[in-house]
Amino acid sequence: MNNKDNLIPREVFDHLVDLAAFSLEEQEKSYLHEQMNNQLNSIRELEAIPLPDDLPVTTHGVDYGQDGTPPLRKDEWVACQNTADILAQAPCVEDDYIVVPDIPTTELE
Amino acid sequence: MMTELTDYSAFKLADLVKTKQVSAREILQAHLQYIEKADGRPGSLDGIPSADDDKKIHAFITHTEAIALRQAKQVDEKIAKGEDAGLLAGVPFTVKDIFCVKDTPSTAASRILANFTAPYTATPVARLAAAGGLMLGKVNLDEFTYGSSSESSAFQPSPRNPWDLSKVPGGSSGGSAAAVAAHEGALSLGTDTAGSIRQPAAFCGVVGMKPTYGRVSRYGLIAFGSSLDCPGPLARTVKDAALMLQVIAGADKADATAAMKDVPDYLKDIEKDIAGMRIGLSPDYFRITFPDPESGEYVEQELPTEIQDAVYRTAEVYKALGATIVEDVPMPNTRYGIPVYFVISRVEAASNLHRFDGVKYGYRTPEQVKDLTEMYRRSRGEGFGLQPKLRILMGMYVSAAQYAEQYYQRALKVRSLIRNDFEIVFDPGGLYKLDALLTPTTPTTAFGMAAVYGDSVMMQYADQLTVPANHAGVPGISIPAGFSDDGLPVGVQLLGADFSEAKLLRIARAFEMATETDEWRTKKPIVLEGE
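Residue numbers (this note's numbering), protein chains in the order written: chain A, 115 to 223; chain B, -18 to 512.
Careful: at least some of the hints might be erroneous.
What the hints assert, rightly or not - DEER-style ranges, computed between Cβ atoms: (1) CYS206/A x ALA382/B: 33 to 39 Å; (2) ILE163/A x GLN2/B: 58 to 64 Å; (3) ASP168/A x ALA301/B: 41 to 47 Å; (4) SER31/B x PRO170/A: 52 to 58 Å.
To be verified - Here are the simulated SDA-like pairs of lysine to any residue, each with C-alpha atoms no more than 20 Å apart in a straight line: (5) LYS242/B x ARG187/A; (6) LYS(-1)/B x ILE60/B; (7) LYS504/B x TYR(-11)/B; (8) LYS234/B x GLN195/A; (9) LYS234/B x THR183/A; (10) LYS484/B x ALA495/B; (11) LYS188/A x ALA232/B; (12) LYS143/A x LEU367/B; (13) LYS83/B x PRO205/A; (14) LYS484/B x ASP246/B; (15) LYS188/A x MET241/B; (16) LYS242/B x SER481/B; (17) LYS351/B x VAL214/A; (18) LYS341/B x ILE200/A; (19) LYS484/B x VAL298/B; (20) LYS1/B x ASP(-12)/B; (21) LYS234/B x TYR178/A.
Stated by the list, open to error - Some residues of chain A that are not near chain B, with every Cβ distance over 10 Å (derived): (22) GLU125; (23) GLU142; (24) ARG158; (25) ASP181; (26) ASP189; (27) GLU190; (28) TRP191; (29) ALA193; (30) GLU208; (31) ASP209; (32) ASP210; (33) LEU222; (34) GLU223.
Calculated directly from the structure, the hints in this document are not laboratory data.
For glycine and all other residues, C-beta sits at the position ideal for the given N, C-alpha and C.
Model the full assembly from the supplied sequences, consistent with the hints where possible.
Shown next as structure tokens:
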């Protein structure tokens, strides 16, 4: 395996860029595509590891135990105390509504 | 007296304030004057590189002098009234700019958040302030913490290593480590996702601790890898790190992943002897395995002798203190830490970074756009730097439906193997019964500015010896253990079982006390020479 191998085809890369909602210069695309291939080359080392069928996944390393695990908060509506501070961070606001450009729509047949 | 105040430990400063030998305001003024002289210009968006950049530290993005002055006033008023001013009364600290602090810019070192002023404060920062700490400012980091050198920050100049200004301070908590090493605050709050506290601590010759996952609340931390991120202390001494952890640790109703475990007194037994403790050495931590940049073939390389020697010298010290050194401890899955990290952290990063869209807060393109979709693309394309983009794309790829089983699910299973390595060696009823595993913190000492940056794979492999603890969730601490032949700090790492921070701090402090008169302890960072 050579890290210059094109493990991720360019059309797959372009599709990901589209899904990620990035507008990119060609130079950026070249760098990102190359680095993704290099990283995938590293990741493929995992394929050679023999894994027992019953091996569980680990999503968090530490088991807190029943006493150490915080209970989930109740699903209750709580009034926000600083709506003005939060709205002040939005790039465009009108009458306390966040304003965005036109939302593309598709006519349904 | 004014300049000497910047040299004191947090422990000493709090004592001086509580015994009314010095005021919090005097401590603050001494630090502000020193920072103005030593730090140089703070990182800024579109900061144009200058030849003078290599003459200063550049740890900061934002100075918060007004907040610190208000906090110092409160501490002094409490002392005057005879009230308890807190464990950190009058202790200056800095905060990695990945934590939200109300009414301050909270940038994540990214253009996409450069104009974001946080409407609330992260729990660990609030606890530091409530304990009497004085917040000097927000310090620089890799953009969204994505890196191991701090060079990927959108805020330039990025921080330099106070021991050699042509070297990186490490990352992503590079600003934190540089600030602490350069005496720009006794403490700094960092985060560690793959080694981002311990690696820069080792590069800058300071103490850095990654607590157990869930020991410190993540509320208000701008998330990278939600199952890996751990806030933690950077300090110049082990006791100061313990003091800081004491303040920030504990349950938090605002964070459902913060463990509801009692916080022990980290200082009570910190200077008790360690005779009888079992400290392990693993050959799997004395070599690294990485893909050759040219061929892509995997190569295994022994660590440099000076790094290995630092660990063996440390083990000798522990042996002389009565500890049992257990050699040849197998940690066979250490080498998979980075490939697993390439998958899990990217998936989590992609998930966390989709929220930045130019709608609710942060950067929105100033260009005219035809619709919402174009606004998203332009805002994210212009707002994110290369490293966040790379992580988002990689995370989407390896978690895509057709690849998820091959990559993501497999990585989560290999993570179980890594966790299992630790469970076996720390099992009190097992073969090894270790109290701690002693390892090098980093495969090398601090590397040169621009020497690795851009090669995202090689940069990631700088974390090969620290990332297994993040996968497993276990605590780790990096402590200074000497210097390389070219005068750069070398750190060693102690790893322990879940929630064994008190024990790790005790073992670390034992080494610190046993070596406190060693010649290497008298060395100072280049920026402090002549002070």
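* Asked: Once the closest CB in chain B is found, is it more than 10 Å from ALA193/A?
  -> Holds, since 15 Å exceeds 10 Å.
* Asked: Taking C-beta pairs only, is GLU223/A more than 10 Å away from all of chain B?
  -> holds, 21 Å
* Verify the proposed pairing of LYS341/B with ILE200/A, using a straight-line Cα cut of 20 Å. => Given that 20 Å is the threshold and the Cα spacing comes to 9 Å, the pair holds.
* To do: May I ask you to check that ARG158/A keeps its beta-carbon over 10 Å from the closest beta-carbon of chain B?
  => violated, 8 Å
* To do: Classify the label on TRP191/A as holds or violated, using whether its beta-carbon is more than 10 Å from each beta-carbon of chain B.
  => The claim holds: TRP191/A sits with its nearest Cβ about 17 Å from chain B, beyond 10 Å.
* Would the pair LYS83/B and PRO205/A pass a check requiring their Cα atoms to be no farther apart than 20 Å? -> With a Cα-Cα distance of about 18 Å, the restraint between LYS83/B and PRO205/A holds, given a limit of 20 Å.
* Taking the minimum C-beta separation from ASP210/A to chain B, is that value above 10 Å? -> About 13 Å separates ASP210/A from the closest Cβ of chain B, which puts it past 10 Å; holds.
* Is the straight-line distance between the alpha-carbon of LYS(-1)/B and that of ILE60/B 20 Å or less? -> holds, 7 Å
* To do: Take a quick look at whether LYS242/B and ARG187/A sit within 20 Å of each other, Cα to Cα.
  => holds, 18 Å
* To do: Below or equal to 20 Å on CA atoms is what counts here, so check LYS188/A against ALA232/B.
  => Status holds; Cα separation ~17 Å.
* **Pair hint outcome, LYS484/B versus ALA495/B [Cα-Cα no greater than 20 Å]** => Holds. LYS484/B to ALA495/B sits at ~17 Å (cutoff 20 Å).
* Sort out whether VAL298/B lies within 20 Å of LYS484/B, counting only the CA atoms. => Holds: LYS484/B and VAL298/B sit about 17 Å apart, inside 20 Å.
Checked against the numbered hints above, the structure violates hints 23, 24 and 25; every other hint is satisfied.
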